[in-house]
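Novice: Dock chains B and C against the given chain A, drawing on the hints supplied.
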Amino acid sequence: MNNGSEMRRIVTAWVIVSVIGDLLWWFLVGPHVPPGNMTTSAHWNQFDFNILAITALPVVFMVWIWLGYAVVKWRDKPGVPEPLGGEAAKASRGVQVGWITITSTVVIAAAIYGTVALIGDHGSGGGEGPNPVWAPPGAIAANTAALAGKATWSPTGNQPLVVQVIAQQWKFTYRYPAFGGMETDRLVLPVKTVVVFDVTSLDVIHDFWAYQLSVKADANPGVNNVAFANTQQTGQFMVRCDELCGIWHGAMYNSGRVLSKTAFMAWATKTEAQNAQNTAFLPPFAWTYTPDANGASGGLYPDGNVTPYSPYDVYGAKQPAS
Amino acid sequence: MTDTYKDSLTAPNETPEEREYEFRAHIGAIWTGGRLAIGMATFLYASEAFAYFYLRTSNNSNLWRLPGQLAPLYYGWTVLICLLLMAGLANYGHRRLKKGYTNDFLVAGWTGVAAGLIALFFQIWELVVLPFYPGSSGYASTFIGFVVMNIMTIVFATYWMETTTTRAMRLRKELGGTNPELSSAYPARSFRANVASMSYYMGFVAIVSIMFFLMFYVA
Amino acid sequence: MTISAERPTEATAGTATPAGPRKGSSWTNRPGWMSQHLGTAIVLGFLGYLFGHWWGNYMASSYTYIANNGQNGVADFLGLLCMVIGWLLGIGALNYPILKLFGREPGEEAPAPGLSRYFRYTLDHKVVGMQYVVGVLLFLFTGGLLAMAIRTELLNPTVHIFNPGTYIEIVSEHGTIMMMMATSIVVGPLGNYLVPLMIGSRRMAFPRIEAFSFWIFSAGYLVIFSALFYGGFPTGWTGYAPLQNQAGPGMISYLFGFAVIGIGMMSAGFNILVTIVNYRAPGMTWSRVPMFVWSILATASLLTLATPVLFTAGLFGLLDHLVLTSFYVNEHGGSSYLWENLFWFFGHPEVYIMALPGFGIVAEIVPVFTRKPLFAYKVAAAGMMGVALLSFFVWQHHLFQSGINPDMRPLFMLTTELISIPTGFIYLVGMGSLYRGKMRLEVPMLFCLALYFNFLIGGITGVFLSDVPVNVTVHGSFFVLSHFHYTIMGGLVFAFMAGLYYWLPKMTGRMMNKKLGLWHFWTMFVFFNLTFFPMFIIGILGQPRRVFEYAHNLQGLNDFSSISAFCLGASFLLFFWNLMYSMIINPKKAPANPWESLGLEWQTANPVPLYNFERIPVIVTEPYRYSEPGAPAYADFGGGSAAGASTIGSSVQE
Chain A
2 MNNGSEMRRI
12 VTAWVIVSVI
22 GDLLWWFLVG
32 PHVPPGNMTT
42 SAHWNQFDFN
52 ILAITALPVV
62 FMVWIWLGYA
72 VVKWRDKPGV
82 PEPLGGEAAK
92 ASRGVQVGWI
102 TITSTVVIAA
112 AIYGTVALIG
122 DHGSGGGEGP
132 NPVWAPPGAI
142 AANTAALAGK
152 ATWSPTGNQP
162 LVVQVIAQQW
172 KFTYRYPAFG
182 GMETDRLVLP
192 VKTVVVFDVT
202 SLDVIHDFWA
212 YQLSVKADAN
222 PGVNNVAFAN
232 TQQTGQFMVR
242 CDELCGIWHG
252 AMYNSGRVLS
262 KTAFMAWATK
272 TEAQNAQNTA
282 FLPPFAWTYT
292 PDANGASGGL
302 YPDGNVTPYS
312 PYDVYGAKQP
322 AS
Chain B
89 MTDTYKDSLT
99 APNETPEERE
109 YEFRAHIGAI
119 WTGGRLAIGM
129 ATFLYASEAF
139 AYFYLRTSNN
149 SNLWRLPGQL
159 APLYYGWTVL
169 ICLLLMAGLA
179 NYGHRRLKKG
189 YTNDFLVAGW
199 TGVAAGLIAL
209 FFQIWELVVL
219 PFYPGSSGYA
229 STFIGFVVMN
239 IMTIVFATYW
249 METTTTRAMR
259 LRKELGGTNP
269 ELSSAYPARS
279 FRANVASMSY
289 YMGFVAIVSI
299 MFFLMFYVA
Chain C
7 MTISAERPTE
17 ATAGTATPAG
27 PRKGSSWTNR
37 PGWMSQHLGT
47 AIVLGFLGYL
57 FGHWWGNYMA
67 SSYTYIANNG
77 QNGVADFLGL
87 LCMVIGWLLG
97 IGALNYPILK
107 LFGREPGEEA
117 PAPGLSRYFR
127 YTLDHKVVGM
137 QYVVGVLLFL
147 FTGGLLAMAI
157 RTELLNPTVH
167 IFNPGTYIEI
177 VSEHGTIMMM
187 MATSIVVGPL
197 GNYLVPLMIG
207 SRRMAFPRIE
217 AFSFWIFSAG
227 YLVIFSALFY
237 GGFPTGWTGY
247 APLQNQAGPG
257 MISYLFGFAV
267 IGIGMMSAGF
277 NILVTIVNYR
287 APGMTWSRVP
297 MFVWSILATA
307 SLLTLATPVL
317 FTAGLFGLLD
327 HLVLTSFYVN
337 EHGGSSYLWE
347 NLFWFFGHPE
357 VYIMALPGFG
367 IVAEIVPVFT
377 RKPLFAYKVA
387 AAGMMGVALL
397 SFFVWQHHLF
407 QSGINPDMRP
417 LFMLTTELIS
427 IPTGFIYLVG
437 MGSLYRGKMR
447 LEVPMLFCLA
457 LYFNFLIGGI
467 TGVFLSDVPV
477 NVTVHGSFFV
487 LSHFHYTIMG
497 GLVFAFMAGL
507 YYWLPKMTGR
517 MMNKKLGLWH
527 FWTMFVFFNL
537 TFFPMFIIGI
547 LGQPRRVFEY
557 AHNLQGLNDF
567 SSISAFCLGA
577 SFLLFFWNLM
587 YSMIINPKKA
597 PANPWESLGL
607 EWQTANPVPL
617 YNFERIPVIV
627 TEPYRYSEPG
637 APAYADFGGG
647 SAAGASTIGS
657 SVQE
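In the order they appear, the protein sequences are chains A, B and C.
All residue numbers for the first sequence refer to my numbering, where the first residue is 2 and numbers rise by one.
All residue numbers for the second sequence refer to my numbering, where the first residue is 89 and numbers rise by one.
All residue numbers for the third sequence refer to my numbering, where the first residue is 7 and numbers rise by one.
Isolated chain A, as found in the complex:
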């Protein structure tokens, strides 16, 4: 068998397998790939995953078919011709240049596509730190308003909803500045709404992972990590801690719900009234909270100028005068 027909066989097998594999993936597996369609980021992240998958599958099949063919045919057994030797076996300019060009193209295309997807989808639900660079329209304004105590939300308008996620060892709680700054231990969201998550932590690094929402943001102590989601479907979702945070890390999960706008409004007003007594004791809504010597949330170290902090009080007179 000559060289050409051998290559033709391999390529034919590869094309057939790749096309079948890609079609199967796209139509059978793809629609079921998590995280689903609960938010726009979930939808686009699923789409990205599938795009990468159908790009990756032909690569995988190429290597596997090549390996398989080599093991079966180019093997030390009677009747197999002597191995290729000499310069042809050492290098082939065409193959090398082709390989480098194709891999570079694919890789750079993947990076460009990833960037477009990331920016177009407003950070894809990932935590963007205290100053998000890719935000949905109105989200930053809503978030700034929340700090000033002017957050509002109503089922009729189209405002983004600001929710603060506070992680601590080993639970998540959520504050709703639009509803009097109430704090709940259950995450409830309205559908068809841009949600701004302000993720922070009281102790160690946690990670807020709302799985079906496709939101993941590290909860760092003393840092506000902002992520966005645009809810599209009602239903239940899972919240897990995704960064090792100590011995009960494995048990740090709960679930949340996306409700219709009116149902959410009803829940929120009811809960706000129920929690009013507790809310009165909470510190004012802020990006971060630092528990001081009096215990969690008893007071604030300065983030802004809430309480002036004097190191001299803490460290005594050993400080040199400025």
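These are calculated hints, taken from the structure and not from any lab test.
All clues stand as given, with none of them false.
Pulled a few chain A residues facing chain C out of the computed Cβ check, cut under 8 Å:
#1 Asp77
#2 Glu83
#3 Trp100
#4 Gly124
#5 Ala252
Yeah, the Cβ is synthetic: ideal placement off N, Cα and C, and Gly gets one too.
Specialist: Same frame as chain A, but now just chains B and C:
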């Protein structure tokens, strides 16, 4: 395990050419090793500098540095001057050695070692007289980190200088004659390569000390 | 013109007056069991620990810093520090530096005869290589046992075998031990043993630093293992900061252990890098260096340059623990991001420290078994150096969700994906070398093919992880876990096994049993994939790493994975049995060149003499010229004829 030593203990049957070839590799290794040591130390200090600038720019809880907080300046000056002196002496000694003044090298070497020891003493003692607590600010923390790193560097640099100096003295005893350090005997050539690498490394120490002095005591 | 002749040196060429190996000073060089060896190291290490602990308590008795624990952190740390120093003193690693301080310089010491040299501080790179084989296998089996414990706990989502504290201790210890092991698994045993043989050198550049690297590596094992006796550490191998500050005394073992291992990594890399640059045989230009040596060169440069950053990070952590600095404490002017940055700036090159030697092994072995030249030699070398270089610019892809520098994400996504180009070179080389070869499916070759199979999955999933949108779902989940097990275990450990089966006949003079080897290979390959492939699915179905409780619907997959993991563990027992059987119980003498390799390491006498080569070989052509009837031999050994010697001589004259 099979015994790989049975027949080979006595002689590798080296020809003079082979010996010279390996010896040149050895000299090259000293050259490469000295530069690589600088590369490693660069990464070490670079990560310290990274910590300094990272904490400085993030200024968490407004606690990069308390007002008026400064490490003991005179200690800083002393350490800096001693290290610069040491580096200068290493370079001076190396140049004099190349010109054939081997006694100058010895004097420079021992003075440099003394300077290194003084720097070491003051660098350690500085920790005792610090006017701030280690955890009082980001500046205080990075300063402590820098001091520990600097202690390691001073110990290493002084050790290197001391061993090259004692090595020069041993060479005199071993090889005899006038200026045996400058002969073409293997130990002497290896010694000279070592001195060259050492004085190079000292140059690096000098640059780093100035940079970090500026960072911690001036800026 | 040879390499060394180009190097600027202070030395003036002149008439050589060879100074023969000097006699070492007597007390460092006593023969037999009366001198320094493993026993004295253990005794002095133990005494050192006691002394350090006493010293710490004496100095800082009122200083019970560590939270929720009456322990004195200073005493714990000084105990470990003095243990390491005692260990090094006991083994004799510090004799030379101390003597040097007094102007004495022991020459090359006569190595102790027989088996006892394997328990000593020795200057023979081959002995150090064998010591490393035992050392890394100890690490590997310890970490492996812990992995079995993890999988046992994960058999059921809610019924627990360990309490959560013990579980997290096991997880952290497994990760840390394995990561430390993996940094040295190839560079240590195979790198130290084979690099001088492959570059035609009689010795390492700094044999004392080399031996030091092994003994401090083994001290690192003791330090990291001691964490178990201190109640472990709850942070995983990544040791993220506020949790690190919160943790008990086991954290000191972790931080100090990484610093100790870091010193070992730096010294091992330093010695090997300098050796490869300077000690290549005459005629071995950079285009004639074997691929394995290229990969070790790339690895060594990462080891020397990236590890200092780890050392600094560990030092800061220790200072935070012991003298209450606030490097990683946000509330006191520090930053928890500082640790993340420093750690991953080291951590990502570290990942390639683990991948590159594996590539080198397969590139070295595949041509032997396909009886073909290596395809695209230059591309392979460029790929390895390219991976090494790029690995310094990708570290923030571990921090895509951490909230730092969102605007830098596209850049780090790009650099991370760019790294798959040089990695792809390795596949081009491998696939090209298979093309129309005449493959001999021996056990080492099977392991190489398995590497191509496994690493492909590991590498491709890496592209998924580097894509920021997809990363939102898979970051920190079992998907990542599976990804890096596919690259490190499926890549590096499989390559290490290939290397052992391939080179043990050289290193020990005994063949590994082929039948047992085949059993070992197939069980390991099949159960490795059955263990870790389901974890990709578990991961995208939403199970985070390092948890002891998970969703009920994932129990089926987890159980499948666990049971496969036990079988995988059993395959390692098969390997261990094969090792014992072929090396000790029923040793079969290996032929001089059982695989008919053209590599230089197979051309020396077997067993390898102390100085490796009777004559320094002169390299006359590029490596891997298989199936080329007229090709000259790779190296000219002189063989007493004037040819070799005169070549060396003429090169020296230039």
